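J.: Listed in order, the protein sequences are those of chains V and C.
Everything in the first sequence is counted per the numbering used here, starting at 1 for the first residue and increasing by one.
Everything in the second sequence is counted per the numbering used here, starting at 1 for the first residue and increasing by one.
Be aware that a few hints might be false.
Taking lysine to aspartate or glutamate pairs in the EDC-like style, the calculated list, with each CA pair at most 16 angstroms apart, reads [unchecked claim]:
1. Lys307/V / Glu319/V
2. Lys127/V / Glu337/C
3. Lys294/C / Glu319/V
4. Lys367/C / Asp354/C
5. Lys367/C / Asp18/C
6. Lys257/V / Asp191/V
7. Lys127/C / Glu337/V
8. Lys257/V / Glu192/V
9. Lys257/C / Asp191/C
10. Lys294/C / Glu262/C
11. Lys199/C / Asp167/C
12. Lys294/V / Glu319/C
Cβ pair distances, simulated, as ranges [stated by the list, open to error]:
13. Leu123/V / Glu192/C: 35 to 43 angstroms
14. Glu217/C / Arg33/V: 53 to 61 angstroms
15. Ala30/C / Gly215/V: 53 to 61 angstroms
Since the hints were made in silico from the structure, they are not lab data.
Model, not experiment: these values are computed from the prediction.
Glycine included, every Cβ here is placed at the ideal spot set by N, Cα and C.
There are 2 protein chains.
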Amino acid sequence: MIAENRTTKVVTTMETIDSIPTPALVINAATVRCNLKRMADYAGEHKLALRPHTKTHKSIQLARMQLELGATGLTVAKAGEAQVMAQTGADILLAYPPVDRARSDAVAQLAKKHTVRVALDSLTAAKAISSAANSAQSTVGVLVDIDAGLHRTGVQSPAAALALAQDVQRLAGLRLDGLFFYPGHVWLTGDERIAALEKVDAILRETLDLWRKSGLEARIVSGGSTPTAVDSHRVTCGNEIRPGTYVFNDINCVAAKCATLEDCAARIVCTVVSDAVPGQVVLDAGTKTLTSDKCGPAPDSGHGFIKEFPQAKITKLTEEHGQTDITQCSRAPRIGERVNVIPNHICPCVNLQDAVWWEETDGSLHKWSVDARGKLS
Amino acid sequence: MIAENRTTKVVTTMETIDSIPTPALVINAATVRCNLKRMADYAGEHKLALRPHTKTHKSIQLARMQLELGATGLTVAKAGEAQVMAQTGADILLAYPPVDRARSDAVAQLAKKHTVRVALDSLTAAKAISSAANSAQSTVGVLVDIDAGLHRTGVQSPAAALALAQDVQRLAGLRLDGLFFYPGHVWLTGDERIAALEKVDAILRETLDLWRKSGLEARIVSGGSTPTAVDSHRVTCGNEIRPGTYVFNDINCVAAKCATLEDCAARIVCTVVSDAVPGQVVLDAGTKTLTSDKCGPAPDSGHGFIKEFPQAKITKLTEEHGQTDITQCSRAPRIGERVNVIPNHICPCVNLQDAVWWEETDGSLHKWSVDARGKLS
Numbered sequence: 001m002i003a004e005n006r007t008t009k010v011v012t013t014m015e016t017i018d019s020i021p022t023p024a025l026v027i028n029a030a031t032v033r034c035n036l037k038r039m040a041d042y043a044g045e046h047k048l049a050l051r052p053h054t055k056t057h058k059s060i061q062l063a064r065m066q067l068e069l070g071a072t073g074l075t076v077a078k079a080g081e082a083q084v085m086a087q088t089g090a091d092i093l094l095a096y097p098p099v100d101r102a103r104s105d106a107v108a109q110l111a112k113k114h115t116v117r118v119a120l121d122s123l124t125a126a127k128a129i130s131s132a133a134n135s136a137q138s139t140v141g142v143l144v145d146i147d148a149g150l151h152r153t154g155v156q157s158p159a160a161a162l163a164l165a166q167d168v169q170r171l172a173g174l175r176l177d178g179l180f181f182y183p184g185h186v187w188l189t190g191d192e193r194i195a196a197l198e199k200v201d202a203i204l205r206e207t208l209d210l211w212r213k214s215g216l217e218a219r220i221v222s223g224g225s226t227p228t229a230v231d232s233h234r235v236t237c238g239n240e241i242r243p244g245t246y247v248f249n250d251i252n253c254v255a256a257k258c259a260t261l262e263d264c265a266a267r268i269v270c271t272v273v274s275d276a277v278p279g280q281v282v283l284d285a286g287t288k289t290l291t292s293d294k295c296g297p298a299p300d301s302g303h304g305f306i307k308e309f310p311q312a313k314i315t316k317l318t319e320e321h322g323q324t325d326i327t328q329c330s331r332a333p334r335i336g337e338r339v340n341v342i343p344n345h346i347c348p349c350v351n352l353q354d355a356v357w358w359e360e361t362d363g364s365l366h367k368w369s370v371d372a373r374g375k376l377s
Numbered sequence: 001m002i003a004e005n006r007t008t009k010v011v012t013t014m015e016t017i018d019s020i021p022t023p024a025l026v027i028n029a030a031t032v033r034c035n036l037k038r039m040a041d042y043a044g045e046h047k048l049a050l051r052p053h054t055k056t057h058k059s060i061q062l063a064r065m066q067l068e069l070g071a072t073g074l075t076v077a078k079a080g081e082a083q084v085m086a087q088t089g090a091d092i093l094l095a096y097p098p099v100d101r102a103r104s105d106a107v108a109q110l111a112k113k114h115t116v117r118v119a120l121d122s123l124t125a126a127k128a129i130s131s132a133a134n135s136a137q138s139t140v141g142v143l144v145d146i147d148a149g150l151h152r153t154g155v156q157s158p159a160a161a162l163a164l165a166q167d168v169q170r171l172a173g174l175r176l177d178g179l180f181f182y183p184g185h186v187w188l189t190g191d192e193r194i195a196a197l198e199k200v201d202a203i204l205r206e207t208l209d210l211w212r213k214s215g216l217e218a219r220i221v222s223g224g225s226t227p228t229a230v231d232s233h234r235v236t237c238g239n240e241i242r243p244g245t246y247v248f249n250d251i252n253c254v255a256a257k258c259a260t261l262e263d264c265a266a267r268i269v270c271t272v273v274s275d276a277v278p279g280q281v282v283l284d285a286g287t288k289t290l291t292s293d294k295c296g297p298a299p300d301s302g303h304g305f306i307k308e309f310p311q312a313k314i315t316k317l318t319e320e321h322g323q324t325d326i327t328q329c330s331r332a333p334r335i336g337e338r339v340n341v342i343p344n345h346i347c348p349c350v351n352l353q354d355a356v357w358w359e360e361t362d363g364s365l366h367k368w369s370v371d372a373r374g375k376l377s
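Whenever a hint applies, use it, and build me the whole structure from the sequences.
T.: Below, the structure written as structure tokens:
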């Protein structure tokens, strides 16, 4: 893999919101600016470094907006995304363990010219990157991934985090930079969430104490997902947050009460293509546009929210058809009519688009390439 | 939209199955050839025209293989796919109602040089295409979509099918070619399925009688999905089938008993990237590779089948992580190890790849572009 030198391709057109081919992913500029500023303000207030996860927008242009508002760097999931986002000049955190040759080599190559860090939870990954960094004659920063209770990745105890940190410290080409955790406790609210985050804080504190006693330093302690982002200051050991979805928000965020419908910046403009079946219309957005992702906190709520028809329910998706129950609507959507759908989960929807429409406050539409779309490895 | 003149980009590499970057979608050539031949033989035996739905492979090269085996033409879901698949020279059926300007114009433009048909269930769609065809000075063939019991699209009665056919007959730029139905009764098996298909046959027969009495002819009566494809001869009125998934098959097909695991030609080669959490490994394939599509007939069976670890269960997907329960496995997959996953639903997985790997019988790997990927409108 070779880093490509590219930027967001922007095409400004005379198209209007009523003429763009559907299904179209449209992003409201004013809402994005509000969302970005709100999170930047929160991070500033609590003296937390903000390293947005770019998986949501996959856009160099949007990453630049985040950096202009003070983001300390960027987060990515895959090596291919790192190559794209490094074009901003920002330093990059790969929030994913590059255990294999292709990813390790890509990361190590990128580290020759950029500050690159990876999160990992195994000696296998540490050795793979060390070997690649030695070949590339570069140095890769490492954050040790510790499980914050989601049981997806991460070492299982402070002692295991110490052992892995000592391994990293020993391996050439690596620089131990700190700790990494993923506090995506989206299913918890109120006091239960606070309690969970305080428990995470206790584990981190114990780990940092162990490191300190062994002469190891953690300059970065990085956590934060969008649903729990504004509770990040409860994890007093943390000094960096990595929310992603906050740039656009979605129905998951609304259901998790970390955003309102008005905070949802991205929508799918759809066309009603069939009304043949009584009590139903079919939208031209199926799983190839909306994905099959259900709303996490409300899995029976359907496949997105139709702004013009809040009583409608998108009950069933196939690849290109969105079957919508309209029996509760005060009027039936007409065939050919356009409606705006806020997806359950916006991140994978963006990945399905070659380009999105950026809708400025003056109503003008600008087609933006999705720069890091489809980067799998 | 302007038709692009393109073909499948094929890159032959020295990569091996152990060196390609993961997650990778690999297609076994021998299995594809068997699958294509089996369906072509069935269609030939029952004198049914075979018009494969190309949504599954989205590949000009694979479409050509289907045509070489006697396919009468190709089926697509979107106008953008029609533009790509028309490069084969085959005639094209758009199995989707183009009610809007962008789709209608694209179809009408394409019909200037190619035989193009559309399936529709509304006067709105018929008028839209008629208007576009008049502007383009072309003629578009029309199949009237009648609901075969799935209640997705399709007019609701033989009488409604007659009324719409008469409208089509009247509108300039349209040519009434026949009837269209979608017999995807995948949840029915055995006698129940046969009974359902016989019911469909009765509705079609009643419709065709009405048409005949009104002087209308249906040269094409087009049905067929992969799960019910080999029962198509039970619909005695039908003379064309449009299966798609049969080219690759998937876990949905295996669960629906229309394919065996050995008939599954496409797999995702994944890498184990974490084993930190006891009883679990994490694969580098999440929803961005496998999609969130569950197995229709067995929704609790997990997110795909790991060939090397049939006792493992991919229990939870996030975008880039496949959390896999390995507590029932006789040995644990090692971190860094590659495993092969057959997806629940292969069609949307192909759409997530810029290119797939074609694995020839000699083991050589050829990277094929996914020509019609991401065509949304």
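J.: Quickly compare the C-alpha distance for lysine 199/C and aspartate 167/C to 16 angstroms and report which way the hint goes.
T.: Violated, at about 26 angstroms.
J.: Is it true that the CA of lysine 367/C sits at most 16 angstroms from the CA of aspartate 18/C?
T.: holds (15 angstroms)
J.: Take the C-alpha atoms of lysine 127/V and glutamate 337/C, compute the straight-line distance between them, and say whether it is at most 16 angstroms.
T.: Holds: lysine 127/V and glutamate 337/C sit about 15 angstroms apart, inside 16 angstroms.
J.: Is the hinted pair lysine 294/V and glutamate 319/C satisfied, with a Cα-Cα distance of at most 16 angstroms?
T.: holds (13 angstroms)
J.: Would you mind confirming whether the straight-line C-alpha gap from lysine 307/V to glutamate 319/V stays at or under 16 angstroms?
T.: Cα-Cα ~22 angstroms, so violated.
J.: Taking the Cβ atom of alanine 30/C and the Cβ atom of glycine 215/V, is their distance within the range 53 to 61 angstroms?
T.: 58 angstroms Cβ-Cβ, so the 53 to 61 angstroms window holds.
J.: Does the structure keep lysine 257/V and glutamate 192/V at a Cα separation of 16 angstroms or less?
T.: holds (15 angstroms)
J.: Is 53 to 61 angstroms a correct range for the gap between the Cβ atoms of glutamate 217/C and arginine 33/V?
T.: At roughly 59 angstroms between Cβ atoms, arginine 33/V and glutamate 217/C fall inside 53 to 61 angstroms, so the hint holds.
J.: Run the distance test for lysine 367/C versus aspartate 354/C: straight-line Cα separation, threshold 16 angstroms.
T.: Holds. Lysine 367/C to aspartate 354/C sits at ~10 angstroms (cutoff 16 angstroms).
J.: Mind checking the alpha carbons of lysine 294/C and glutamate 319/V for me, to see if they're no more than 16 angstroms apart?
T.: Roughly 13 angstroms between the alpha carbons, so the hint for lysine 294/C and glutamate 319/V holds.
J.: State, for the Cβ atoms of leucine 123/V and glutamate 192/C, whether the hinted interval 35 to 43 angstroms holds or is violated.
T.: Given a distance of about 55 angstroms, which is not inside 35 to 43 angstroms, the answer is violated.
J.: Between the alpha carbons of lysine 127/C and glutamate 337/V, is the straight-line distance 16 angstroms or under?
T.: Between lysine 127/C and glutamate 337/V the Cα gap is close to 15 angstroms, so the pair holds against 16 angstroms.
In summary, the structure is inconsistent with hints 1, 10, 11 and 13 from the numbered list given earlier, while agreeing with the others.
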